[in-house]
Amino acid sequence: MSAIIAIIRRDLLLAMRRKSEVLTALFFFIIVVSLFPLGIGPESALLRKIAPGVIWVAALLATMLGLARLFAPDHADGTLEQMVLSPTPLGLLVTGKIVAHWITTGLPLVLLAPVLGIQFDLDTGALGILVLALLLGTPLLSLIGAIGAALTLGVRGGGVLLSLLVLPLYVPALIFGAGAVESHISGLGAGGHLSLLAALLALAVFFAPWATTAALRIALE
Amino acid sequence: MLTATGLSCVRGERRLFAGLDLAVGPGEWLHVQGENGAGKTSLLRILATLSPPAEGEVRWQGEPVEVLAEDYRRAMLFLGHHGAVKEELTPLENLTLAAQLDGFELDEATALQALVRFGLRGREDLAVRFLSAGQKRRVLLARLAVRKAALWILDEPFTALDVKAVAMLSGLIEEHLAAGGMAILTSHQSMPLPNGRVLKI
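Respectively, the protein sequence lines represent chains B and U.
According to this note's numbering, the first sequence is numbered sequentially starting from 1.
According to this note's numbering, the second sequence is numbered sequentially starting from 1.
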């Protein structure tokens, strides 16, 4: 257990020392989301309608930005080898890295979303659902992304391949995440969408670290 | 005691070595020699369980290493070409984190003592990227000093080290062997250490 906490602490410390990487993704998210109300103009009905989709698509792309760097630095400097050789199972260490990735990229998006949502004239209830959906959805993005990052590790031009691999897998999160806010606005209630999102998250928590570990072992051989 | 029988390694279409046997007992060390590209690093990675051999098996205390898994990994320390040293972290943070990854807690006093021993006094709070290549390797040597492992597998440990650091490392390996440890290393230098054997590939 202490090794997992050590990995999370180390990755957070590294993120603190390389602030630009984390801030780039964050500013990308803020700017992309803020450009839509500016471009479309003050039509609140239209803005309310597109808000969930825009915020979710921006969240997907912002998560993608740092994904290629999830394992690449560790692979380049030999840390990954030492992780494989650690007495702690690699799957647990990988889980630690995914948790750290979520804290540095997913969590800031969740916290910023309600502020950005105000630009789209969303009411308090819709903002609450948006935050809840992102809270369930962003860990899912980190988990699925980690599989892609591990599979494309050490591949030339891996960045493009990574987007091609991961973005289709993000589609369910996008549909249920954006759908939750939309169905709340239309009065249907967001329960169904949120449950499905939670089910996907439970499934990914179980399978993604395992798949990522297998992919990392292949990359190291 | 580490034994390997009938090891062979295939990279792509090429067979690097085949039918390789080796044994290292307590207090002994093995010097793996060979030309560039002969498969020295590949052999070390097989012994460290980082990649599986094409044929043959590696045994630790008589048991296959795949069966021992984490018990073997706890008893073994592998240092590759890349030192697993994070550029953004300080030598002290690097040492503590490597120890936690290896599954033991390292108190600050011991870590500092090891860094001072390898001439990194006053550098312990400086990010590693400000250190020279040789000083980076010295951070790794400090890791050797604090980690308790019966078997050291070192790939080119003398790279980028100055004369003084080479002497320090030789001293460290000698201490390790005297305490009943084992070491397998590759190096293009000759090493005046006791109980050594040479394996040519």
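Treat the hints as calculated values from the structure; they're not laboratory data.
This structure is a prediction, so every number in the text was calculated from the model and none was measured.
It is possible that part of the hints are untrue.
[Said to hold, decoys possible] Partial list, derived from the structure: chain B residues whose beta carbon lies under 8 Å from chain U:
no.: 1; residue: Ser2
no.: 2; residue: Leu14
no.: 3; residue: Arg17
no.: 4; residue: Gly78
no.: 5; residue: Thr79
no.: 6; residue: Gln82
no.: 7; residue: Leu107
The beta-carbon is built from N, C-alpha and C at its ideal position, and this holds for glycine as well.
Hint check:
no.	hint	verdict
1	Ser2	6 Å, holds
2	Leu14	6 Å, holds
3	Arg17	4 Å, holds
4	Gly78	3 Å, holds
5	Thr79	5 Å, holds
6	Gln82	4 Å, holds
7	Leu107	21 Å, violated
In summary, the structure is inconsistent with hint 7 from the numbered list given earlier, while agreeing with all the others.
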